[in-house]
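Following the hints, complete the assembly by docking chain B onto the known chain A.
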Amino acid sequence: MSQVKALISVDFLNQQAKSSSLDLLSFALHQNWQVCALCLGANKEAIETVKKQGAQEIFFHPDKASNPQNLTPFVSGFIKEQKPNVILASSSSKNLELFPRVAFRLKLPFLSDCLDLQWQKDSWIIEKSFYAGKCQARSHLNVLPDTPPVVLIRPHQVGQQEAFTNSKDSSVTELTWNIPESTNYKLVRTKKTQKSKRPELTEAQIIISGGRGMQSPENFKLLEDLANCLGPEVSVGASRAVTDAGWVPHSMQVGQTGKTVSPQLYIACGISGAIQHLAGMNRSRIIVAINNDPSAPLFQKSHYGLVGDLFKIIPCLIKELKQQNKN
Amino acid sequence: MNILVCIKQVPDTGTRIQLLKEGKGIDESGIEWIINPYDEFALEEALRIKERIPNTRVQVLSLGPPRVEKALRTALAMGADKAVLIETPVSPSSSEEKPSLLNKNPALVAQALAQIISSQKDFTSPEGLKKASFEEKKNPPAEKIKWDLILTGKVGIDESHFATGPMLAEKLNIPHVGFVTKLQEKIKNIWLCERQGEEGIIEEITLHLPALITVEKGLNEPRYPSLPGIMKAKKKELKKIKLSTLDIHYDKQMITFHSYQLPKESPPPRFISGSAEEQAKKLIHILKEKEKLI
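Which chain is which? The protein sequence lines are A and B, in order. Sequential numbering of the first sequence, starting at 821, is according to our numbering. Sequential numbering of the second sequence, starting at 61, is according to our numbering.
A couple of the hints might just be wrong.
Taking lysine-lysine pairs in the PhoX-like style, the calculated list, with each CA pair at most 25 angstroms apart, reads [stated by the list, open to error]: (1) A:K1012 - B:K242; (2) B:K181 - B:K204; (3) B:K246 - A:K1012; (4) B:K348 - A:K1132; (5) B:K231 - A:K903; (6) B:K130 - B:K292; (7) B:K231 - A:K900; (8) A:K1146 - B:K350; (9) B:K231 - A:K884; (10) A:K1139 - B:K341.
In case anyone wonders, no lab produced these hints; they're calculated from the structure. Small disclaimer: the values here were computed from a predicted structure and weren't measured.
Excised from the complex, chain A in its bound form:
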């Protein structure tokens, strides 16, 4: 086969391409694959970043139908037309609703929570995480004609390279899909929770996580303060012990029955490190543990360990960061 053609579905939030999707574009372009970007729910301005990233072909549709059932036939038809060798998207909840349906409809192999993929001698080698990260395994897929695999990749696993600069102009096409209104499914309204504007745990570059050592729900404010000092790409997580105790919402839980995360930096505060928790965060690039118990198992999984009172250490971290931000 000549050049690999990758169809990449790009996620948008507030008309901005998400960094996890831009990672996929840069990954594919660095492999010298031909990239066709499918931008659903994006307007003409929003696709500018996708252009800059270097995708050769861009297809966009301003309306991302909320009902995956109605969107499935359109996306399936688009894949059949484009004949890519692989369909890539990030393992976001929206993609996890849409792409299993698409893959099933087209009878394509489907893999989610993947960590890596390589093209080697006309077959795909795909690395997938199992047991929320307690182990991983590899699949060799011999590519048959018209059966590209649908591969959903965990955010921040591939393509952390700088943007790929394409010398040629991208071709941009607006899709004229007439997605019917759903009668059986309606997104009625969305309401804001009090939660501040932070990225999804699975997408965050930096995560500050708290465990039982935080002692009370009120003390999570301290972690919020630390997160604020570190910038907008920072999220606050928690261990199962504290979400089960109702200190913070379940949506903040990191671990096997919560979110599987792999940020660049994971700071665990007062988390002892139960096996379920380790499974959910062990692929973080740098792990820092702060705990007053030197025998906490999390220290053995971390790169940097601070043994001591987190109620003293975290305020010092905040103070130091504030000072540096000022300068």
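Just chain B now, with coordinates in the frame of chain A:
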């Protein structure tokens, strides 16, 4: 109404995963098996609906080797009315054989579940339900069950596909909503689903039944089976259907895995000592200058 809950039996969350020789798969010997926690939320929700809405029947459906019967008995003890197991051959466990192909392929599981779902016959009265297997032979009822709601977990914590629910909905040609954290009936056959969207937004979706819903943690606190529940469960119907009797297409969707690996052992941590202030300063220096992360 008729509610179907699809459950999977998975290793307990506390399990330390051990691999077979040469990374051929997971060593299943010594594993403690539980109902997938997300499927347990789905089952609990079905039982709560049954308690609220008269004439609701809850059936559980699972696919797997004979050991899965235990998970279904637990579901019956919690309060489900009937259980069906699509039985696969005994898992090769610690032997050298290839682990079951079906295990890694949600598309095949969805096909098998869909076949059972669309073929089951209805027994309208509660007595009929009890005598189901007897009457089925004598006097097969003509009507197929009209499933109103299919509930399952958002993901199996073992293989993390997130796919069986949506694929099953696609096969049955019904809508589905994923990651639901709150569920209530507005009027007959119209349900309101809530879920966490991005940036702290909560999405509300109205859904007309029949439909499939996958559930997220936070929906409810599952009950424990009661002693009377356990006694009753022994008399409830648990039907087994051999997978080999179903018509499944093992075609292009099939995926196999090899080279299983445990996470790399991390090098010993570097401990940062000193007073709290010194520790903080040193850490920030490292994260900034050495790791270039902040």
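To see whether the hints hold, each was checked on the structure:
1. A:K1012 - B:K242: Between K1012 of chain A and K242 of chain B the Cα gap is close to 16 angstroms, so the pair holds against 25 angstroms.
2. B:K181 - B:K204: holds (4 angstroms)
3. B:K246 - A:K1012: holds (22 angstroms)
4. B:K348 - A:K1132: holds (21 angstroms)
5. B:K231 - A:K903: Distance of about 23 angstroms is within 25 angstroms: holds.
6. B:K130 - B:K292: With Cα atoms ~15 angstroms apart, K130 of chain B and K292 of chain B stay inside 25 angstroms; holds.
7. B:K231 - A:K900: Distance ~19 angstroms between K231 of chain B and K900 of chain A Cα, so the pair holds.
8. A:K1146 - B:K350: holds (21 angstroms)
9. B:K231 - A:K884: Status holds; Cα separation ~22 angstroms.
10. A:K1139 - B:K341: OK: K1139 of chain A and K341 of chain B at ~10 angstroms, within 25 angstroms.
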